[in-house]
Amino acid sequence: MRVSRNFVSILTFSVFLTAAFETTVSAGRYKDFKVIKTKILGVHESSVLSQLAFKSGLDFWSLPRNGKNAILLCEPQQAEEIFKELTRLELRPEILTEDVSREIAEERFKIDQINSAKLKVANWENFMTLDEINQYMDEVVANYSNIVSELEIGTTTEGRATRVLHISTGPGKPAIFINGAIHAREWIGPPVAMYAINQLTEFYDQNSAILNSVDFYIAPVVNPDGYVFSWEQDRFWRKTRSLNDLNCLGVDANRNFDWQWAPDNDMCSLVYPGTAPASEPEIQGLQSFLQEHTEITFYVDLHSFGQACL
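FYI, in mature numbering (1 follows the signal peptide of the UniProt record, and there is no 0) the residues of the sequence shown are -27 to -1, 1 to 283.
Think of the hints as simulated: they come from the structure by calculation, not from any bench.
C-beta atoms are modelled at their ideal positions from N, C-alpha and C, and glycine is treated no differently.
Fair warning: there could be bad hints in the mix.
To be verified - Using C-beta positions, here's what the derived DEER-type ranges look like:
no.: 1; residue 1: 216; residue 2: 79; range: 29 to 35 Å
no.: 2; residue 1: 252; residue 2: 61; range: 36 to 42 Å
no.: 3; residue 1: 219; residue 2: 176; range: 49 to 55 Å
no.: 4; residue 1: 217; residue 2: 122; range: 33 to 39 Å
no.: 5; residue 1: 236; residue 2: 263; range: 21 to 27 Å
no.: 6; residue 1: 36; residue 2: 238; range: 19 to 25 Å
no.: 7; residue 1: 79; residue 2: 219; range: 33 to 39 Å
Construct all of the structure, not just a fragment, from the sequences and the given hints.
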């Protein structure tokens, strides 16, 4: 049976993060924030800029890598200084966005127009809230109970379940695990994961060769607390929502696994790895699940903007 080219492609390649949108609260938070892009970096330039990124705590949307542009978000009071420093380093900085809040508000307006024009159903043309994602997962379990079952692999700091759909035609096969939104603001991950669910269930006849050979475990959102917060409060929230101290919340869940974990005392950092390996309940549950299910031989972690396949 021929496998859908779109289905294979969407699992193989990461997707650029599209323009952001969010509520007026989130848009106002980013008034006059700027997005800056450098030229394509060489080996030395990427090393120098990586050191700057580490020391400054800047929000790099695309990290400094050889052969790539670096793209970063700057607060208004930082922008001029950062632009000068990048110019001094001969990195030819370019301002891509003068006021991020306008982009957030504009995209929110567009998405509201889409929602008002038709019934709000799961589709791949739009981002979805956690409630909408959960509703879609419930419908899939109900409609395709012959091949789909649901698992909960943990509970978050704020009491939300981390939900996984197991898609299988029978035991004894290797499995692929796919998750999205380990970084809360990367909203394109869940629709990609849900597209995979859709292709494996609704279009089972076209893709039966896949399920006859391999099982799938798919978790559209593995950082649900952060994902909800990115919708309701801060469009660019990245971390979990655990309490570090009175001023700083959250851990970079992607850096919290018990693998090459490295300590960091800056609890406010966007890449803060937590107090210890697997300190976050989200990662405790995910890591334990992966270790227990030895049939899982391939793990796809969906990220966006940086064009990285992890």
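Consistency of the hints with the structure:
no., hint, verdict
1, 216 with 79: 29 to 35 Å, "34 Å, holds"
2, 252 with 61: 36 to 42 Å, "39 Å, holds"
3, 219 with 176: 49 to 55 Å, "50 Å, holds"
4, 217 with 122: 33 to 39 Å, "36 Å, holds"
5, 236 with 263: 21 to 27 Å, "23 Å, holds"
6, 36 with 238: 19 to 25 Å, "21 Å, holds"
7, 79 with 219: 33 to 39 Å, "35 Å, holds"
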